[in-house]
Amino acid sequence: MASAAPDLAPNAELHWVAYLDLKPQMTAAALAGIGQWLQGDGSAGRLRACWYSVLGPAHRILLWRSFDGAAALDAAGLELACSDNPYGVGDCLVRLSGNAFRKVPFAGDLPETSAGPFFELRDYTLKLDGLDKLMELWRPLLPARLSLAPWVTAMYALTGTAPRMLHIYPWTSLEQRTEIRDGAAAIGWPPAEAPRQILHQDVTIYRAAEFSPLGGAPSCQAADIRQAELAP
Amino acid sequence: MIATAMDKTRFDLTLMRLHPRTMPAALERVRRWLEGRPGQLIACLYSDIGTVNQLLLLRRFADAADLLAERDAALRERDPFGVSEFSLGLSMDLWAALPGIPAPGQPARGPLFELRTDRLKPGRLARALAAWGRAEPGLMPAAGFFTLAADAPQIVHLWPWSSDAGRIGPSDADSPTDIAGRLGGAENLAAQRTELFRAAAFSPLQ
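Chains as they are written, first to last, in this note's numbering: chain A, 1 to 232; chain B, 1 to 206.
Next up, chain A with everything else stripped away, as it sits in the complex (with noise of 0.2 Å):
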């Protein structure tokens, strides 16, 4: 039987995450680039994320665009595969990826902002039939995870790899990180049996855009950059 989710209805709304992985040391000229991308007719949706990496895959940006429907989010996708400069980066891209997304049903809604300034983000590769056993056993222990810290929101994926599951997390520092999963841990957080719904897990953590909606802000981001693409 499937999950409790109501079927996808035409004007269910709808999450294109791409990753944009770049040459080295190109994410200064790849954010400019985005930035006056998302100013042009090209760039349709509701902008979310633009976030760079600073652990895990190096010189990774995502951007997370948010549809109203399946439509929406088609014509956008065709646009974009047919534009002979994606996002706006020009010669920066190494390789590109871009799927489509639902919002876990029980995931409550989408923050429009985020202080941030870290993002955590969990993308789980899972057993064929993973998905509904993984929500089913995190929907009852969610709100006790919760009441920890907030989490950005949780989704699975429609194309691409399948089934997957992404899950967003916004940290102050990391050290608050390891004290809330040290903490969640103590209550139960994950369930013991989700371990076995995965196949591969990958955690990135991304800094801010100054002009993305979830985290960004206007301080000191050059240097953030230059740190997180010089460091050893």
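Derived by calculation from the structure, the hints in this document are not laboratory data.
Cβ coordinates follow ideal geometry from the N, Cα and C atoms, glycine included.
Every clue listed holds true.
Covered stretches of chain A, as calculated for chain B (at least 3 residues, CB under 8 Å):
(1) 5-13
(2) 86-98
(3) 124-132
If you want the footprint, here are the derived chain B segments under chain A, 3+ residues with CB under 8 Å:
(4) 67-79
(5) 86-93
(6) 114-125
(7) 140-149
Starting from the known structure of chain A, fit chain B onto it as the hints suggest.
Structure of chain B alone, referenced to chain A:
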């Protein structure tokens, strides 16, 4: 230009990687799972050369909304595709038909199908599609698609062969050898892959 001229039909090309020696049982499970489901089944194929133990399912949907709704329902099932116990992994991108390629599902010309996967450099799809449209008439694939959402920009095309000898014979004059040329040159390509599949007994494309 291409974007505005494209029709709304979308294709579900699902590739399943399965445990060795489970293909006959998996095909029967998938056949049963497909009964009464939305979308038009075009092909169900299994790999013979390349990465073996792959099952390819190709379905047509009126538009992206229909396709994504069916996919969402399938992924949330207790046993998606009926093959969870055999599964090693799955990919399911969102595909649109290559311009100028006959509608998939035309009369049978297999039973072997060569799946060619051309991974493109970012930003090169429009150039590749335009070059494909300018290519000299000649052999045409049975179906061809490009990705709108995926882990990488890609074009795939299925070439039918009546026998192994037809694909790899004494002369390669009839082989689709100049794919790079058809796609506007090697500078548009990041990687290429070719694999040979066979049609399942219940596959409409034979």
